[in-house]
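Colleague: Sequence:
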Amino acid sequence: MGKPLDAANVRRAFRQALKGIDGINADEWTPRELRHSFVYLLSDRGVPLEEISRLVGHSGTAVTEEVYRKRIRPVIQTGAVVIDGIFGADPRRS
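Position in the sequence shown counted from 1, then plus 243, gives you the numbering used here.
FYI, nobody ran anything at the bench for these hints, they're computed from the structure. You may find that some hints are simply not true.
What the hints assert, rightly or not - Per label pair, the in silico range of CB-to-CB distance:
hint: 1; residue 1: G328; residue 2: A260; range: 18 to 28 Å
hint: 2; residue 1: I267; residue 2: I329; range: 21 to 31 Å
hint: 3; residue 1: L284; residue 2: K246; range: 48 to 58 Å
hint: 4; residue 1: G331; residue 2: R278; range: 35 to 45 Å
hint: 5; residue 1: V324; residue 2: S280; range: 21 to 31 Å
hint: 6; residue 1: E309; residue 2: A250; range: 20 to 30 Å
hint: 7; residue 1: F330; residue 2: N252; range: 50 to 60 Å
hint: 8; residue 1: G331; residue 2: F257; range: 26 to 36 Å
hint: 9; residue 1: A305; residue 2: A250; range: 21 to 31 Å
hint: 10; residue 1: T304; residue 2: G245; range: 27 to 37 Å
hint: 11; residue 1: A269; residue 2: I326; range: 24 to 34 Å
hint: 12; residue 1: T304; residue 2: I326; range: 13 to 23 Å
hint: 13; residue 1: E309; residue 2: I267; range: 26 to 36 Å
hint: 14; residue 1: I326; residue 2: L248; range: 25 to 35 Å
Note that this is a predicted model, so its numbers are computed, not measured. Glycine included, C-beta positions come from ideal geometry on N, C-alpha and C.
All chains, please: the whole structure from these sequences, using the hints.
Modeller: Rendered as structure tokens:
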């Protein structure tokens with residue numbers, strides 16, 4: 244079915260597609276940033292980590308958590324708030 248894509252060609256085509264969009268410097272973007280944005284937006288909207296992992300092609304959540312830990316922070320914070328509510332923790336005491 245063809246040859247594997249060359250990373251440089253993919254980046255070049257991606258940046259070409261971004262050229263001319265107001266507020267975006269196409270030279271600063273790669274497909275990786277798009278993928279990270281995708282994970283962040285899903286996480287920020289409350290999509291479960293298991294679903295995000297599946298959508299980005301990971302077999303489980305461990306890789307997703309490791310690679311995207313800064314992007315899934317809202318999910319982690321939400322869990323912490325729930326636990327604090329269960330145990331009556333006062334965040335002002337930390």
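Colleague: Among all the numbered hints in the text so far, which are the ones the structure does not match?
Modeller: Those not satisfied are hints 1, 2, 3, 8, 11, 14.
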